[in-house]
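> Got chain S sorted already, so can you dock chain A onto it with the hints?
Protein chains: 2
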Amino acid sequence: MSQKLHDILLAESENNKDLYLPHISIDSVVFGFDGENLHVLLTSLIGKSEWMLPGGYVFKEENINSSAHRILQERTGAENIFLSQFKTYGATQRSEDAFTELPEDLWHKQRYISIAYYALTRYDAVNPRTDKYSDSCAWQPVEQLPEIMMDHKGIIEDALMHLRRDLNYKPVGLNLLPQKFTMPELQRLYEIILDKSLNRGNFYRKMTRYNILEKLNETRRGGAHKAPDLYSFNLENYNVALENGLQESW
Amino acid sequence: MSQKLHDILLAESENNKDLYLPHISIDSVVFGFDGENLHVLLTSLIGKSEWMLPGGYVFKEENINSSAHRILQERTGAENIFLSQFKTYGATQRSEDAFTELPEDLWHKQRYISIAYYALTRYDAVNPRTDKYSDSCAWQPVEQLPEIMMDHKGIIEDALMHLRRDLNYKPVGLNLLPQKFTMPELQRLYEIILDKSLNRGNFYRKMTRYNILEKLNETRRGGAHKAPDLYSFNLENYNVALENGLQESW
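So the sequence lines, in the order shown, correspond to chains S and A. Quick note on my numbering: the first sequence kicks off at 1 and runs consecutively. Quick note on my numbering: the second sequence kicks off at 1 and runs consecutively.
With a cut-off of at most 27 Å between alpha-carbon atoms, the simulated BS3-like pairs for lysine-lysine come out as follows:
#1 S:K196 to A:K206
#2 S:K153 to A:K60
#3 A:K17 to S:K60
#4 A:K206 to S:K170
#5 A:K170 to S:K196
#6 A:K153 to A:K48
#7 A:K17 to S:K109
#8 A:K153 to S:K170
#9 S:K206 to A:K170
Derived by calculation from the structure, the hints in this document are not laboratory data.
Chain S with its partners taken away, still in its complex shape (with noise of 0.2 Å):
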């Protein structure tokens, strides 16, 4: 371990038992889309090279969603980003072992039950940033994963799975695209969500049965094939679409 991070986990260690539940963490699996490729943000502790999820802690008094809401806006700059909590992880071991080299009574070393929340964002609205115990923070692509720490890898694949499951309840086309975007990009997120091909014919007819989409009187300029029309969401409609599901098998 650096020497720098061991100094920081002991300078806080006592400071964070005054402030926080003990044994409480709260992780964030969030998604980014970029119109090609779905992306995770991942950070990673001081001098370290593997990855993990941004997390922290919940204060005292502190509704557990406040405290989801608070950490990502602390690690995005953003206000407001869809939440949804998905699973709460809360195995032995899973966090007991790390900082060995540190004393037992270390803030950073007890048992934690991890509150796992999945976030979804429009890539570009997001500016990762650092918190005291890292040194990085950045996009990585769900297809192409870094080697990520303890138990976090089986929380994005969770949330993904999770994400998968909600996309009939939950406002994942309207949080993860741009407010303007074309029908080959809904239907790339959809088959990277469902992890695999959709047909163009059928998803169309799938996606205008609802009357979620607006068709707007503008196309996406640039490129060398015919401008494809931009869409984007009837707020209205979607909302009460979801109340009751889509009733769609992709």
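Then chain A, alone, in the frame of chain S:
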């Protein structure tokens, strides 16, 4: 509060602090189906008329899933009950206002973040049991719930929503129905969970397309009408079908 509950809470408090992780509880929404109605297992504190979910705490060296199984076995006498974690509740003031007449440092008065599971079991496989804090534990019909403490009614509603969305992914029928069942019983179960009527012909067609049902060479005897055919699940096909989800919109 009854003197008996008062004394038990005070007697258990310090011991619990030694045994369990602070601030963390488990609550289970146990569903049972009797062929006609869906029930949920509720319990009431000694001398109190309101009901609550059966729950408990996590030993300091215990996996949370093991805690959920242990607590459920203590309350039902049944082993290997199907459990699915669905949400963690962590608003402030969920539990801190309980037992106002007892000391502030009482174990049972702290802030609890509760990890909620739903459980599926055959109605008659369970022998509801009280624990040291309760004087009743009984099935209550989901469609006509009694008065319920704290945020537990909302937890039951959330459990039902997750059960509905999990119909295509989890062995819901397998765990709620007896080993041999009729098609009308299976349809009734789906109708209760989905909270809507289903067309008999469509339901039959959808349920049989996955080869997860085996028609037995037996019929249900008794009753004035033609004896209905009995079915059981083909476990191998059922497991394969659930792995990718049944891709069915009910």
